[in-house]
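Line order of the protein sequences matches chains A and B.
Quick note: the first sequence uses the numbering used here, first residue 491, plus one each step.
Quick note: the second sequence uses the numbering used here, first residue 102, plus one each step.
Treat the hints with care, as some may be off.
Stated by the list, open to error - In silico EDC-like links for lysine to aspartate or glutamate, alpha-carbon gap of 16 Å or less:
no., chain 1, residue 1, chain 2, residue 2
1, A, Lys804, B, Asp221
2, B, Lys306, A, Asp516
3, B, Lys157, B, Glu169
4, B, Lys306, A, Asp512
As the list claims (entries may be wrong) - Just some of the chain B residues that point at chain A, by a computed CB distance under 10 Å:
no., residue
5, Leu117
6, Phe118
7, Phe159
8, Ser160
9, Ile162
10, Pro164
11, Gly214
12, Ile223
13, Ala238
14, Asn255
15, Ser299
16, Ala332
No lab work stands behind these hints, which were simulated from the structure alone.
For glycine and all other residues, C-beta sits at the position ideal for the given N, C-alpha and C.
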Amino acid sequence: MGFMASSGSEGLYTLRHRPPSDKLVDQSFRFLVTALAALVAIILFAIFLVVTLDAREAIAKFGLGFLVNSTWNPSTENFGAFTAIYGTLLTSALALVLAIPLGVGTAIFLTENFIPSKFRAIIGNLVELLAAIPSVVLGLWAIFVLEPVLRPVLQLIHRLLGWIPFFSTTPTGPGVMPAVLILVIMVLPIITAISRDSLNQVPPDLRQAAYGVGATRWTSIFKVILPAAISGIIGGVMLALGRALGETMAVTMIIGNSNNFNLSWFAPGNTISALLANQFGEADGLQVHALMYAALVLMIITFVVNIFAQWIVKRLSLKY
Amino acid sequence: MTSLNSPSMSTPSADLFFRPGLLRNRGNQLMTVISALCAVIVLIPLFCVLAYVLFKGFSVIRPQMFFELPPAPGMEGGGIANAFLGTIIVTALSCLFSIPVGIGGGIYLAEYGAGNRFSDFIRFGTNVLAGGPSIIAGVFIYGLVVATRLLFGNSYSAVAGGLALAVLMLPTIIKTTDEGLKLVPQELRWGSLGVGASKFVTTMKVVLPSAVAPIATGIVLAIARSAGETAPLIFTALFSPFWPEGIFKPIATMSVLVFNFAIMPYEAQITLAWAASFVLVFMILGMNLLARWISGFAKR
Chain A
491 MGFMASSGSE GLYTLRHRPP SDKLVDQSFR FLVTALAALV AIILFAIFLV VTLDAREAIA
551 KFGLGFLVNS TWNPSTENFG AFTAIYGTLL TSALALVLAI PLGVGTAIFL TENFIPSKFR
611 AIIGNLVELL AAIPSVVLGL WAIFVLEPVL RPVLQLIHRL LGWIPFFSTT PTGPGVMPAV
671 LILVIMVLPI ITAISRDSLN QVPPDLRQAA YGVGATRWTS IFKVILPAAI SGIIGGVMLA
731 LGRALGETMA VTMIIGNSNN FNLSWFAPGN TISALLANQF GEADGLQVHA LMYAALVLMI
791 ITFVVNIFAQ WIVKRLSLKY
Chain B
102 MTSLNSPSMS TPSADLFFRP GLLRNRGNQL MTVISALCAV IVLIPLFCVL AYVLFKGFSV
162 IRPQMFFELP PAPGMEGGGI ANAFLGTIIV TALSCLFSIP VGIGGGIYLA EYGAGNRFSD
222 FIRFGTNVLA GGPSIIAGVF IYGLVVATRL LFGNSYSAVA GGLALAVLML PTIIKTTDEG
282 LKLVPQELRW GSLGVGASKF VTTMKVVLPS AVAPIATGIV LAIARSAGET APLIFTALFS
342 PFWPEGIFKP IATMSVLVFN FAIMPYEAQI TLAWAASFVL VFMILGMNLL ARWISGFAKR
């Protein structure tokens, strides 16, 4: 039968091969996109390689003491990044402490039915749009609006609580605290938007079940809905932390760029990225290598935060 | 059963009404007020920033600013024309570098790399690259291109700035391409392969066109982000008070102009910084709305 059919209508059923040119196009396209994908890995390795190689001299000269040395003096070529590292970690931590409750609280407010859903959608979209404001514009705003408005408040805190080392200097202008507040404004849209998304994705059945066994609205939010959405919320917080650690422009413009270590939050300080932004343009010799070393430290910090974030999101993902 | 029910049966009405005075109901109301307060506290500064930048910028901007160079320190007037042009040039360069690579890489991840180790690694690398600080892109390009004078002996240049921005845009474009292509129904690919099209033709003529909306959305968002980036540009593209002199020379951009002029003690420069901020925010919000409009097509 099969033989009969194939011989009867030869033209229709013969297996036709693609022309070699077609195969060539197919193969080379595959090769091309593989190479383009590999470029991501190459860029990533190149970043580590370039920064490490350029930092080599500073690493050889200062070793790990670079991390705990708080002098940064280009004229004596004595470089240590402690002030900047401390500033980076401090500003990010304080910013998150302020931003997490506010952001998650707002996200809850925007996912519950307190106000009509039309308004909730509009507010939610606006918050997302605000994440798009460039940080250099926020820096400009911080210099001319935020810092002058904030100064009397900080001065009041200093008068009342000046005996606490963190508030021990008179706020006179740019400093760590204004930088923290501008970071809060920068990370709030991220935390709010991502928390809102993950709260929205919690199945309504869970809420109905909680209400069904007699839980109040807030009992069900705290005991059911937040735990169900926690992996997404922590993912958003980690993203915000990464953003805060690496944020450059707004912080550079308002933190005061002082390389002298000071425990007070009202005094000028520095962060790694602000140090880089300020000094790279006019640095030469060993200073460039020291800056590259600082950049390497920043990269390692954000890399660890990133890996930790991906791990914790995977771990906390609830299967409901 | 009876023993369980009997206490409540004796006073059925009292327990079935909502009693606002109960501790848990008071707590409920308190928490609602607190969350509303959070929302207000968050929204006020966010809107203040936007409103202040738009009003202040709008009040100082004049049409001739788009045709004039910034003034020398201490002089009056001037404009942001060179920075406006520069932002467009550097952003266009960064698109030129990042869009082909990003779409190609995304095609690999979605169409060829299903489930293999290499594509998992590339996805991981994309996430790491996306989470990295933007200034690192500048440091990288400085070390690779600017300090080594790799580009025909030129140090700071528009191309270097474009490369630094491209490093930032790349992960966004790869991710959105990957995710956009994954949304295309598998039946379309089977159908195309079934009628004898090659994988290349299937990808280019069938899969890619049906994922245009999400990919375009991602690209517009990436452009919007890179147009406002400053940190990668301050020591790659640097700045220039003159008109753009070609893509291998230092170039002014609006974001670097805001940074440089904001800390100057001259009124004219600060005015220009506000004007440039206004233009930047206006452009970026416009692109975000455009992205929303495009992604509307995907939902239909």
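Comparing the hints with the structure gives:
Among the hinted pairs, Lys804/A with Asp221/B is consistent with the structure: their alpha-carbon atoms are about 15 Å apart, no more than 16 Å. Pair hint Lys306/B plus Asp516/A holds up; C-alpha atoms about 13 Å apart against a cutoff of 16 Å. Using a Cα cut-off of 16 Å, the hinted pair Lys157/B and Glu169/B is violated, with the two alpha carbons roughly 20 Å apart. Taking the CA atoms of Lys306/B and Asp512/A, the gap is about 15 Å. The hint holds against a cut of 16 Å.
A hinted interface residue such as Leu117/B counts as satisfied when its beta carbon comes closer than 10 Å to some beta carbon of chain A; here the least separation is about 12 Å, so the hint is violated. Because the smallest distance between the Cβ of Phe118/B and any Cβ of chain A comes to about 14 Å, over 10 Å, the interface hint for this residue is violated. Given the 10 Å rule on beta carbons, the hint for Phe159/B is violated: about 14 Å separates it from the nearest Cβ of chain A. About 13 Å separates the beta-carbon of Ser160/B from the nearest beta-carbon of chain A, more than 10 Å, and the hint is not met.
For Ile162/B, the suggested interface contact is broken, since its CB lies about 14 Å from the closest CB of chain A, more than 10 Å. The interface hint given for Pro164/B is broken, as the beta carbon of that residue sits about 21 Å from the closest beta carbon of chain A, more than 10 Å. The interface hint given for Gly214/B is met, as the beta carbon of that residue sits about 7 Å from the closest beta carbon of chain A, less than 10 Å. For Ile223/B, the interface hint holds, since its Cβ comes within 10 Å of a Cβ in chain A; the closest pair sits about 5 Å apart.
Against a cut-off of 10 Å between C-beta atoms, the interface hint on Ala238/B holds, since the closest Cβ of chain A lies about 8 Å away. The interface hint given for Asn255/B is violated, since its Cβ lies 16 Å from the closest Cβ of chain A, which is over the 10 Å cut-off. For Ser299/B, the shortest C-beta to C-beta distance to chain A is roughly 5 Å, which falls under 10 Å, so the interface hint holds. Interface hint at Ala332/B: satisfied, since its Cβ lies 4 Å from the closest Cβ of chain A, which is below the 10 Å cut-off.
Figure legend: structure checked against the earlier numbered hints; hints not met, in rising order: 3, 5, 6, 7, 8, 9, 10, 14.
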